[in-house]
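Peer 1: With chain F fixed as given, assemble chain B onto it according to the hints.
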Amino acid sequence: MSRPAAGLPGEPPERFWLRLAWPLYGVAWLLAPWLFGDGLGLSLLSQIGIASIVCLSYNILLGQGGMLSFGHALFSGFGAFLAMHTLQRVAGGWPVPVSLIPLVGGLSALLLALLLGWVSTRRSATPFAMITLGLGELAWSAALMFPAFSGGEAGLTGDRTAGGAIGGWTLGPALQLYWLIAVYTLVCTLLMYGFTRTPLGRLLNAARDNAERVAFTGHDPHMVRYLAFAIAAFFAGISGGLAALHFEVVTADVLAGQRSGTYLLFTVLGGTGFFAGPIIGAIVMVLSLALFSALTPAWLLYLGLGFMLTVIYLPGGLASLATARFRQQLATQLRRAPAACLALVGAWLLMLAGLSALVELAYQWHLRSAMGDALRFAGLSLNAASPASWSGAAMVALAGAALARWLARRIATAATLQEAT
Amino acid sequence: MMSPPAARDSADAKGGPVAMRGPAGALADDAAPPAALRLHRLSKHFGKTVVLQGIDLAVAQGESLAIIGPNGAGKSTLFNLVSGRCAPTAGEIWLKGARIDGQAAHQIHRQGLSRSFQISHGFAGLSAFDNLRCAALWSLGQRYVFWRSLGGLRDVAMRAGEMLERIGLAARRNVRASELSYAEQRALEIGITVIGGADVVLLDEPTSGMSRSETLHFTALIRELTRGRTLLTIEHDMEVVFGLADRIAVLAHGELLCVDTPEAVRADPRVRQAYLGGDTPWTAMGTSDGRPC
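Sequences listed follow chains F and B, in order. Each residue of the first sequence is one higher than the one before, starting from 1 at the first, in my numbering. Each residue of the second sequence is one higher than the one before, starting from 422 at the first, in my numbering.
Only chain F is shown next, with the shape it has when bound in the complex (with noise of 0.2 Å):
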């Protein structure tokens, strides 16, 4: 009974590569810190490894169940926080393997799911969003009233060699918490996925695609809906405890509406329709926020722009660039309009410049009082004050956009004419 995990839009399974995938993916982190092994690798490595399990956690809602939150980092930060308390108190002499810690902060997240959320799932549209994101937001003003389990401004520090050598593992060097996380990830990957195959996950996919549909077959969709919360606010706390390790510090910002932000935002841009979709999301996520950051100050408009692009031209987000059905349509449009293709390509360069050149023209301004209007970009000589650069800029914008439309209509048409022939 080979499936694909429910609900996925688009086609039958690719078996062979389905197959090979969880072998793939698990040698990928085993391999990983051979290829990346520097210092910034490994943390980066570790990174999207915490990340993903978040954003696969945020799709069993959004993706899998249809619930849009605004507040799971509610979750992942309450698990860090618990993670660091736990630290804390191995660091004093409690007994428990810091290895385990994780844990401690998913079974945490899990309670508070537990107590929230039948609350929060009654409904799942706008009601649950708005919900999630009241909760988000009073514990994250909560957390700062409450210093002592917060840490106020400055957060909670911990030491993660607080538990000593466990069979000569201290945790302390890069290296082994890297393989500890790789470990994690890969066993909740693995249950998520699984999750996804249970009678319980599927029905969560009918609850989204028809509530009250479910109701008659004697399933609760609120239930439903509350039991798939709470398995998600578990690994979200997994994913907490995890960074509570890696980071060695845990501040309010970890609850706050914008993280939940984040984990919504790249879950998108990675495909909630996919189950690996949010695990792409994790990389590009740790990608940008850690190196693009340091590319260009105006990263952030840059983002904004790539995730608008990305939902208008791959509404599935970029996993479904990978779908069978996208590659059949790329092989035959480049067989039959080849010359077309290429400069569609060159269209959309062209398009992506002119909106490159807005950015910087936008931030230049934003700092025009430090830095002044001047500005290079690309070889060119550009001015914030000056309305024919914006012009310039935009034009060639437009003309990029507007090519890019005119050879996407050719090759739909030379597609057509061929198909009638």
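What the hints contain is simulated information worked out from the structure, not anything from laboratory work. Note that beta-carbon positions come from the ideal geometry of N, C-alpha and C, so glycine has one too. Mixed in with the good hints there might be a few duds.
[As the list claims (entries may be wrong)] To list a few chain B residues with every Cβ distance to chain F over 10 Å, as calculated:
1. Ala508
2. Gln539
3. Leu558
[As the list claims (entries may be wrong)] Stretch-level coverage of chain F by chain B, calculated; a stretch enters the list once three of its residues show a Cβ under 8 Å from a Cβ in chain B:
4. 191-198
5. 218-226
Peer 2: Below, chain B alone, put in the same frame as chain F:
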């Protein structure tokens, strides 16, 4: 008002003693099984609008009852009250001797009452097979299970596979519900409704929007799938009504006009009156009002 029901093939109809009795049940012979469904002075108001007023109705186990009436008569509201989609303003609903009015839809379903929807695409993103598996889970004891694989549940797969055969969708097993043809979606909707083994089945315009030949085929399918069960159908197509129903209930302006055999209803002058202009119902049938409640 209530003629003795001409029970259909009621071999499967479950009788047996029950602890509670409907108010009208007290009037019946104590030895007889309780009515499959009994409505007592059932009313539904939306603000000042009276949609249903004082409905009294008993449906025997194994009986097939068709509900007809002009648009806005309250047929769909009646189904919504009985199935738990909304709560009645006043009155009582008894299912097999147990009172169910005011209960939630899933609670009522667990007591053996299932309904279909006039407009439904099932679970659009799931395959036809998974639509049926989801609908079969509860009755096979798989309740909110997240520690076992769905694929490993043989009985669920068998039940869903059999149902796919019966509704003629075996070849469409892995097609998503949203990509099925209209008639296939209607068949799937019936499959979802009956797969849980409910012994009281409510079908809301099961053949609406179908071609002549599809309707005939579908009527036979419904008869086959609901054999031995109590069946209530909202239906505009008189051919379907005569093909399925033991009795017909006529609703007009929120009140029950009469409940009788098809022949008697056809001859009833009040029924002609209800449909205005003296047209017979079977020529003046419109489409349903489609009111949500």
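Peer 1: Can you give the numbers of the hints that this structure goes against, from lowest to highest?
Peer 2: When the structure is compared with the hints, only number 3 turns out to be violated.
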